[in-house]
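S.K.: The listed protein sequences correspond, in order, to chains A and B. Reminder that position 40 of the first sequence reads as 40 in the numbering used here, one-by-one numbering, no gaps. Throughout, the numbering used here is defined as the position within the second sequence, counted from one, plus 425.
I should point out that these hints are in silico values taken from the structure, not numbers from a laboratory. Do not take every clue at face value.
Each computed DMTMM-like pair below joins lysine to aspartate or glutamate, with the alpha-carbon atoms no more than 20 Å apart [said to hold, decoys possible]:
| # | chain 1 | residue 1 | chain 2 | residue 2 |
| --- | --- | --- | --- | --- |
| 1 | A | 400 | A | 301 |
| 2 | B | 455 | B | 437 |
| 3 | A | 402 | B | 473 |
| 4 | B | 427 | A | 14 |
| 5 | A | 92 | A | 70 |
| 6 | B | 449 | B | 506 |
| 7 | B | 555 | B | 473 |
| 8 | A | 30 | B | 464 |
| 9 | A | 402 | B | 498 |
| 10 | A | 402 | B | 506 |
| 11 | A | 400 | B | 473 |
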Amino acid sequence: MTEARCLRTTPLYDLHIQQQANLAEFGGYKMPLWYPTGAKAEHLAVIERAGLFDTSHMAVLSLAGDGAFDLLQQCFSRDLNRCLGKEPGPLKPHRSIYGLFLKPDGSVLDDAIVSELDGRRYMVVVNSAMGPVVAKHLQQFAAPSVQIMDHTDRIGKIDLQGPAAAKILEPLLADPESVFAEMPYFSFVGDIFPGAVRPLVLADGTPLLLSRSGYTGEFGFELFCAGSDTGHIWRSLLQAGAPYGLIACGLAARDSLRTGAMLPLSHQDIGDWKFGNTPWSFVLPLGPDGRGFTKPFIGAEALQAGSPYHTYGFAGYDPRKIPATPASEVQTKDGECIGTILTCTTDMAIDRVGTAVVSIATSVSQGRPQHFQPRGLSCGFIRINRVHKTGETVLLVAGKRKIEVEIRNQIRPDRTARRAITELR
Amino acid sequence: MKEIDELHLPGDIYYSTEHEWAAKDADTVKIGISDYAQDQLGDIVFVELPEVGATFEQGEEFGTLESVKAVSEIYLPMAGEIVAVNGELEDAPELINEDPYGNWIVEIRPSDMDQYDELLSREDYLEMLKG
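Let the hints inform the model, and build the full structure from the sequences given.
M.R.: Printed below as a string of structure tokens:
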């Protein structure tokens, strides 16, 4: 036996093999790391045009019945009565919200996107292999009237990400006008769960749930469908996207894109330590004064006591990285160890112009040089034992190798995730 | 990922167990990485080169290659002095992916040319890759 564990595959596995993907283990699945185009071309494609990702390894739960709302209010870090809009109003059907499931000690069980299907049913998307773990966690707090179901093995998921995503998707939709008319960022249409009353179908009749979200920081969609439908949707999208330069992308590009977009990877940037003092404090139901929570929830009490850790995003000055390993650490300029590296990767679309970080998506008027050819910048997240301000620098060290990086609250500028669909059709 | 039989492994150069190649040119030897190594690494985004004049022992780390995902040390398959580095790679590290044999990394003057003959032939290297 050469493999100690039996790896799972997604319904698109045979297509990945056909497309000569370089496969690797991730979250218990054998997933594409990159295709023959390479991780750099895939990263750039998503920023300039579009990329297609198999994300069927993500776990999909549904909560249904009386008490589903109360269960989420008790366990999810967002206040579902106050989470949408400037004067935060309640979550409503066809809207999604990002947050955390915390353990009672304030550490992160997993992050999740909760989507309201209707007032009594919710879709909860969590990370690879986390479906049973989160379901079990929720079950212990659930009223008997709440039905928690894990749909991971029957549902596939494909992410179409990049500024050309709407143009590529449009010809596949039966009624693109009505679909796109009601799709702000973090909203969805369709329903593929038991009890669906308002299904969405593609022009060929395939049912799906289409959400305007993703994990790249760029404009795009996530398509949830039956696992058995993933193959023809994948092929149809690649065909429709060919004129726009759409390419299949692997997890390496997904990782570098999300890092540049300041999005955490669960169990790496947030995880089995007390949550707090991170760039992601928006996931907590903070009161209007920024202190105190607007609702009680599992883990809240532990968080009120404060966390000894401070998590920051950073960007380097060239592509050089110090990988996050047990042997690497964060140091002050005087060589004092102050913490650990959580993520360190290279965003290939950015570079320094003077001290500023500029992207291939930055306009010339905003500072992109005419013939900008970025070499990429190392970037990621560190967890340290003290407060640092944006703009201050620390050292990442592994043995003899050491790089200086700047604490930042943004990494890749000029991202497209929140652009209006009308601008990108 | 390339299958073993898809790898391009020229027969007129030698290989190391750490996946470097060495090609003799009169009294100097050019060093690069094999097609297998570049394929495993994926897109190379940065090459850290040694100083010309630096000397290294056989098997000593002389630089690093960084892909989007990883940082990999590169080891000198023969002891010697660096007489030239391929500066083109500093601006275009992807050249190694495009043509790992046309794009050497360093040129050395070996302190013991006998070490060249101790390296792996194409056949030996292929055997090693097949495990």
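S.K.: Look at each hint and say if it fits the structure.
M.R.: Hint check:
This hinted pair does not check out: residue 400 of chain A and residue 301 of chain A have alpha carbons roughly 42 Å apart, beyond 20 Å. The hinted pair formed by residue 455 of chain B and residue 437 of chain B meets the criterion: a straight-line CA distance of about 13 Å does not exceed 20 Å. Under the criterion of a C-alpha separation no larger than 20 Å, the hint pairing residue 402 of chain A with residue 473 of chain B is consistent with the structure, at around 13 Å. As the CA atoms of residue 427 of chain B and residue 14 of chain A are separated by approximately 16 Å, the hinted pair is consistent with the 20 Å bound.
Among the hinted pairs, residue 92 of chain A with residue 70 of chain A is consistent with the structure: their alpha-carbon atoms are about 14 Å apart, no more than 20 Å. Distance restraint check for residue 449 of chain B and residue 506 of chain B: the Cα-Cα separation of roughly 14 Å lies within the 20 Å cut-off, and the hinted pair is therefore satisfied. At roughly 30 Å between alpha-carbon atoms, residue 555 of chain B and residue 473 of chain B are farther apart than 20 Å, so this suggested pair is violated. A distance of roughly 18 Å separates the Cα atoms of residue 30 of chain A and residue 464 of chain B; the hinted pair therefore holds under the 20 Å criterion.
As the CA atoms of residue 402 of chain A and residue 498 of chain B are separated by approximately 14 Å, the hinted pair is consistent with the 20 Å bound. For the given pair, residue 402 of chain A sits about 25 Å from residue 506 of chain B by alpha-carbon distance, which is inconsistent with the 20 Å threshold. A hinted pair counts as satisfied when its Cα atoms are at most 20 Å apart, and residue 400 of chain A with residue 473 of chain B qualifies at roughly 13 Å.
Checked against the numbered hints given earlier, the structure breaks hints 1, 7 and 10 and satisfies all the rest.
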